[in-house]
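Protein chains in written order, with the working numbering: chain B, 1 to 361; chain U, 1 to 340; chain X, 1 to 364.
Among the clues, some could well be false.
As the list claims (entries may be wrong) - If you only want the chain B side, here are some residues facing chain U, beta carbon under 10 Å, derived:
#1 L274
#2 I294
#3 N306
FYI, nobody ran anything at the bench for these hints, they're computed from the structure.
In this text the structure is predicted, and so the values were computed from the model without any measurement.
Here a beta-carbon is modelled for each residue, glycine too, at the ideal position from N, C-alpha and C.
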Amino acid sequence: MLRYTIRRILYAVPTLLGVLVLTYFLFFGTASPETIARRNLSSRAPTQAQIAQWLNDHGYGEPSEEEMKQTGFGRTLLGLGIRPNAPPAAPAEGEAAEAETLVDFTPSLASRLIQLKRSTVDMLLFNFGKSDTSGEDIKERVKKGAPASLIVGSLIFWTSLFVGVSLALAFAYFRGTYVDTFGTFLCVLVMSISAVVYVIGLQFLLGKLLRYGPVWGFDTGAGLWKFLVVPVAIGVISGVGAEIRLFRTFFLDETNQDYVRTARAKGVSEAAVLSRHVFKNALIPIITSTVAAIPGLILGSLLIENFFGIPGLGNFTVDAINSQDFAVVRAMVFLGTLLYIVGLVLTDICYALVDPRVRLE
Amino acid sequence: MNFWQSDFMFNAVPVVVLVLLAWAFLQSRKQPLWAEAFRRIGRNRLALVAFAVIGFYGAVALLDSFGWTDKESQSRVTLLDRAFSGLPQERTYSAPFASMTTGEPQPQKLKAPGRHPMGTDGVGNDVLYRTFKGARTAFIIGGLTSLISTPIALLMGMIAGYYGKWRDDIIQYVYTVLSSVPSILLLITLVLVLGRGLAQICIALGITRWVGLCRLARGETLKHRDREYVRGAKALGVSDFRLLTRHILPNMLPIVIISVTLGFSGLILSEAVLSYLGIGVDAEIGSWGNMIDAARDELAREPVIWWNLTAASVAMFILVLAFNVFGDALRDAIDPRLRS
Amino acid sequence: MAADNEPLLQVRNLRTYFKTPRGTAKAVDGVSFTLEKGKTLGIVGESGCGKSMTALSILQLVPEPAGYIEDGRILFEGRDLLDLTWEQMRSVRGKDIAMIFQEPMTSLNPVYTIGWQLRESMQIHGKDADAAEKRALDLLRRVGLSDPAQALRQYPHELSGGMRQRVMIAIALANQPKVLIADEPTTALDVTVQAQILALIRELQDETDMSVLLITHDLGIIAETADDVCVMYAGQVVESAPTRDLFRDPRHPYTKGLFASLPARNRRGQDLATLEGTVPEATKWPPACRFAPRCPFRWESCDTIVPQAKPPGSDRPVRCHLYDPEIPGRPDLAAAEREHLAGDVTADLAASAAARPKDAEVGR
Chain B
1 MLRYTIRRIL YAVPTLLGVL VLTYFLFFGT ASPETIARRN LSSRAPTQAQ IAQWLNDHGY
61 GEPSEEEMKQ TGFGRTLLGL GIRPNAPPAA PAEGEAAEAE TLVDFTPSLA SRLIQLKRST
121 VDMLLFNFGK SDTSGEDIKE RVKKGAPASL IVGSLIFWTS LFVGVSLALA FAYFRGTYVD
181 TFGTFLCVLV MSISAVVYVI GLQFLLGKLL RYGPVWGFDT GAGLWKFLVV PVAIGVISGV
241 GAEIRLFRTF FLDETNQDYV RTARAKGVSE AAVLSRHVFK NALIPIITST VAAIPGLILG
301 SLLIENFFGI PGLGNFTVDA INSQDFAVVR AMVFLGTLLY IVGLVLTDIC YALVDPRVRL
361 E
Chain U
1 MNFWQSDFMF NAVPVVVLVL LAWAFLQSRK QPLWAEAFRR IGRNRLALVA FAVIGFYGAV
61 ALLDSFGWTD KESQSRVTLL DRAFSGLPQE RTYSAPFASM TTGEPQPQKL KAPGRHPMGT
121 DGVGNDVLYR TFKGARTAFI IGGLTSLIST PIALLMGMIA GYYGKWRDDI IQYVYTVLSS
181 VPSILLLITL VLVLGRGLAQ ICIALGITRW VGLCRLARGE TLKHRDREYV RGAKALGVSD
241 FRLLTRHILP NMLPIVIISV TLGFSGLILS EAVLSYLGIG VDAEIGSWGN MIDAARDELA
301 REPVIWWNLT AASVAMFILV LAFNVFGDAL RDAIDPRLRS
Chain X
1 MAADNEPLLQ VRNLRTYFKT PRGTAKAVDG VSFTLEKGKT LGIVGESGCG KSMTALSILQ
61 LVPEPAGYIE DGRILFEGRD LLDLTWEQMR SVRGKDIAMI FQEPMTSLNP VYTIGWQLRE
121 SMQIHGKDAD AAEKRALDLL RRVGLSDPAQ ALRQYPHELS GGMRQRVMIA IALANQPKVL
181 IADEPTTALD VTVQAQILAL IRELQDETDM SVLLITHDLG IIAETADDVC VMYAGQVVES
241 APTRDLFRDP RHPYTKGLFA SLPARNRRGQ DLATLEGTVP EATKWPPACR FAPRCPFRWE
301 SCDTIVPQAK PPGSDRPVRC HLYDPEIPGR PDLAAAEREH LAGDVTADLA ASAAARPKDA
361 EVGR
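All chains, please: the whole structure from these sequences, using the hints.
Given below as structure tokens:
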């Protein structure tokens with residue numbers, strides 16, 4: 001079991017590296033550092049010196065050959081013939097400020113690769129650096145926001161799983177009757193409404209029309225649950241329709257299997273057929289699709305946290321999107337991916353626990 | 001104005017789309033599988049209603065897709081615009097069928113009192129008109145995205161499944177990496193990088209969407225590759241290209257079409273999410289997402305501006321529901337596993 | 001309890017229908033037979049003739065909601081199983097009447113151990129855990145698993161097809177049932193394993209004096225194991241007789257056709273006769289005689305007058321006009337025979353079929 005787990009974790013490493021390279025290129029490979037600097041410098045027309053300063057501060061500067069020689073990675077690059085741009089000639093004394101020469105900030109391949117390597121290592125070590133816009137330390141902000149997101153996210157996750165599995169089981173038990181037909185159609189109705197409409201509409205309905213308690217903000221300690229009920233309810237409702245339908249087909253697929261007929265021929269009662277025989281087999285696809293729900297959970301936290309003023313990571317991300325803060329968005333993409341990959345690894349481990357056919361060696 | 005933005009091109013696109021759809025329909029009727037599927041759908045009343053609803057939205061979108069440049073304003077005016085040209089733009093919000101504006105300290109009389117069935121929005125546009133405008137955006141997002149993602153997905157999936165070995169490894173690695181990023185985060189990243197135009201959003205959605213279909217296509221190809229008819233054809237010296245396009249692709253088509261139809265509703269819903277996050281289509285292009293997003297503030301006003309949100313979300317709900325119902329019916333009608 | 005002279009299981013005029021989009025499929029349409037205590041009754045026929053549905057109907061395991069038992073009586077030890085409540089029926093299943101299936105690969109639950117599944121079948125019928133554990137081990141040893149103690153802890157996928165079918169038999173016998181229904185128990189298995197499984201069922205039957213309802217398409221298996229035979233075609237029993245009589249003198253044209261399509265020693269070198277066509281769809285049975293469209297002796301009356309289950313002039317049930325003296329102008333059997341079926345079909349059939357059961361497959 002341990003070996004299986006370790007091997008599964010090792011399999012995830014190339015994927016994670018691929019994601020880091022992908023996001024690096026999406027964020028920093030497509031936009032030149034100069035544009036990023038211009039976007040984030042507060043003055044409207046930054047001088048060349050300001051840009052150069054910003055680039056150096058945020059780690060986008062051009063390395064010198066001497067600097068490169070100090071690291072193993074740099075030496076390898078030099079060995080492959082990848083060299084940095086020559087440093088701009090120092091402007092002559094006197095004419096410095098006025099006659100500013102146009103500096104070419106186009107980064108060399110060497111500087112790109114060094115940045116890629118550094119940022120990848122930094123991400124893996126959770127050194128997310130500073131926010132491009134506010135200068136806040138991203139790691140600190142993540143630490144502050146994670147508990148709220150975790151509470152809301154896991155509440156939604158477990159509640160939907162519980163509601164989804166029990167209703168799906170009920171529909172499967174009443175298969176072919178009006179309960180089943182009506183229930184599944186209700187699911188289609190529920191899943192045809194946009195999550196955004198749920199968030200806006202239900203908040204309005206509960207908060208403003210029905211005057212149900214606080215619907216905005218967050219608290220620590222005893223008063224917390226009051227702030228949680230509405231967001232969690234919305235999170236569950238917006239996702240559970242699709243989940244019920246999916247789980248129901250898993251259950252029904254299993255009820256058509258031969259072993260179910262065997263169980264009935266043995267004299268097992270219908271309830272026990274579902275809860276003992278069908279349930280454990282259907283658990284296998286259910287586990288997969290529940291982990292596949294993690295991205296949906298992240299989407300939910302973006303919308304819900306932002307709209308209900310929950311100071312979590314989702315809220316933080318939405319703010320970063322609106323201010324085009326690439327450093328923060330990239331850190332969040334990395335964390336979201338990491339969460340998802342951890343979920344996938346856990347799925348495989350759960351598989352091995354539930355399904356004896358999975359080979360451990 | 002260059003050729004690509006001329007009135008001719010503008011009107012040619014919907015014509016081409018219509019002709020292609022009609023051709024595909026006529027071709028498919030010749031095949032027993034599809035003829036049987038159409039017969040089954042014809043007996044399913046709910047599916048027919050859903051199809052009629054989709055047809056109605058499609059007609060509205062088409063009305064908004066034919067138009068010509070107006071001499072005076074030098075902007076293109078579509079048939080839909082012309083149909084609503086009798087309704088003047090008001091000053092600001094007004095309730096459905098109201099005669100006075102809402103939300104101003106001193107309510108003013110409307111230019112067209114009682115003639116806005118769904119009221120007007122903040123800048124005085126008729127809400128019903130804006131809702132109709134959203135249909136085209138929804139169809140473009142669904143259609144263009146499918147058009148971008150489906151060919152990539154099929155090509156990659158068939159190559160991976162058919163040739164296996166290193167090609168399979170590379171393609172699998174690429175889609176594993178892409179699918180490990182939670183789709184909303186990948187979408188946000190892509191839109192931030194590519195920009196906020198309608199086409200860019202479709203490309204971004206296409207990149208997040210092709211993975212699922214690619215996986216499906218790969219699995220199907222693998223399945224068919226080892227079937228007798230493919231082996232037989234191979235033994236007769238049929239080229240790989242012909243084998244893929246003439247033998248494997250047609251067998252895969254039903255499953256692809258089901259998945260595209262069911263994917264349509266998800267795409268329409270994504271548009272609203274992007275607008276909510278502030279990275280949706282431009283405000284000038286009428287879209288349901290933008291209307292819903294605007295409602296965040298409108299619901300907090302006194303009196304409450306509810307009609308904008310209601311119109312947009314009901315319009316969206318009905319179309320998404322129709323696609324879900326029709327997609328399910330199509331799947332039940334085609335899916336060979338469900339056939340006895 | 002039933003009197004000694006009363007048969008253990010009597011099926012009378014059973015009708016099991018299915019609702020399909022194309023109309024009602026009469027999968028089982030008026031089937032009657034009798035199973036005596038300690039005897040083996042074989043039901044033989046092509047796939048699609050309704051023999052499996054007959055078996056499932058006895059335990060009321062017809063796939064719902066499409067399938068339902070329309071009519072009939074299933075008398076077990078004198079009481080009609082169709083009158084029982086769902087709960088009462090549950091206590092009959094697996095206890096009085098047990099069943100094994102064609103697909104040993106999928107008939108066991110993949111996520112539970114063999115031991116768990118064996119114990120379950122005993123515990124739901126009231127055995128306590130310790131006793132069940134002990135008997136499970138005995139049963140696995142009895143059905144011939146080489147390492148029963150280990151098999152208890154194994155999962156189905158760790159066993160071969162033949163082993164799994166032995167486990168299925170062990171599960172079925174766990175509560176010492178009075179009737180064992182075996183639905184194509186050996187079809188999915190290799191020839192050598194088939195013979196072993198059949199031998200095992202016979203041995204166990206001798207030990208426990210249970211009755212076996214054996215469903216198969218394989219005349220060789222019937223010859224080897226069954227005391228009596230029902231030949232089914234298109235939802236009906238077309239002919240029934242003691243095995244010896246049926247093999248010596250097959251009467252119904254369908255039965256004759258089944259035998260003619262078997263390879264036989266004295267006809268080596270000749271072409272095998274085949275039954276033309278296939279079983280019609282269960283929603284569209286022919287109006288009168290259901291075999292008429294494929295029958296080489298077809299006569300005008302075959303399409304208009306429904307043949308009786310047991311014609312007045314016949315000493316055994318044969319659903320055919322050839323044996324009904326009341327049918328006006330029926331064809332002369334001997335002449336027709338000479339014309340259509342060349343050679344002696346059945347002389348050494350039983351021997352050859354028993355020796356080569358795999359070759360004796362019909363219509364698969």
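Please list, smallest to largest, the hint numbers that this structure does not respect. Number 1 only.
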